[in-house]
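Q: Sequence:
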Amino acid sequence: MNPAGDEGRIITFDSAITGGTGEYEKARGSVHSETLFTTPKVVRRFTIHLV
Numbered sequence: 009m010n011p012a013g014d015e016g017r018i019i020t021f022d023s024a025i026t027g028g029t030g031e032y033e034k035a036r037g038s039v040h041s042e043t044l045f046t047t048p049k050v051v052r053r054f055t056i057h058l059v
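Heads up: the sequence shown is residues 9 to 59, going by the working numbering.
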């Protein structure tokens, strides 16, 4: 458990990205967010996993 008491969230997606090429290709993956601290400011870490 992290200091903020938040175990985090996982969001999955199935979308299109360009990868900087201008051509859209299929992308799948997940985004995980985790609250690290809530004082003095809320600090969250986001991890993006592409497959």
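Some hints here could point you the wrong way.
[To be verified] Across the chosen pairs, the derived CB separations fall in these ranges: (1) ALA24 <-> PHE54: 17 to 27 angstroms; (2) ILE25 <-> PRO48: 12 to 22 angstroms; (3) THR46 <-> ILE18: 34 to 44 angstroms; (4) ILE18 <-> PHE45: 30 to 40 angstroms; (5) VAL59 <-> GLY30: 32 to 42 angstroms; (6) THR29 <-> HIS57: 35 to 45 angstroms; (7) LYS49 <-> THR29: 34 to 44 angstroms; (8) GLU31 <-> VAL51: 31 to 41 angstroms; (9) GLY30 <-> VAL51: 26 to 36 angstroms; (10) THR29 <-> VAL50: 13 to 23 angstroms.
It is worth saying that the hints were derived from the structure and are not from the lab.
Ideal Cβ placement from N, Cα and C applies to all residues, glycine included.
Q: Give a verdict on every hint.
A: Outcome of the hint check:
1. Between ALA24 and PHE54 the C-beta distance comes to about 20 angstroms, which sits within the given range of 17 to 27 angstroms.
2. Restraint check, ILE25 to PRO48: a C-beta distance of roughly 35 angstroms breaks the suggested window 12 to 22 angstroms.
3. Between THR46 and ILE18 the C-beta distance comes to about 20 angstroms, which lies outside the given range of 34 to 44 angstroms.
4. The hinted window of 30 to 40 angstroms between ILE18 and PHE45 is violated, with their beta carbons roughly 20 angstroms apart.
5. Evaluation of the 32 to 42 angstroms hint for VAL59 and GLY30 yields a failure: the beta carbon distance comes to about 22 angstroms.
6. Separated by about 21 angstroms at the C-beta atoms, THR29 and HIS57 break the suggested range of 35 to 45 angstroms.
7. Range check, LYS49 to THR29: Cβ separation about 37 angstroms, and the 34 to 44 angstroms hint holds.
8. Under the hint 31 to 41 angstroms, the C-beta atoms of GLU31 and VAL51, about 36 angstroms apart, fit the expected range.
9. At roughly 35 angstroms, the beta-carbon separation of GLY30 and VAL51 lies within the given 26 to 36 angstroms, and the hint holds.
10. Roughly 35 angstroms separates the CB atoms of THR29 and VAL50, a value that falls outside the hinted 13 to 23 angstroms.
Figure legend: structure checked against the earlier numbered hints; hints not met, in rising order: 2, 3, 4, 5, 6, 10.
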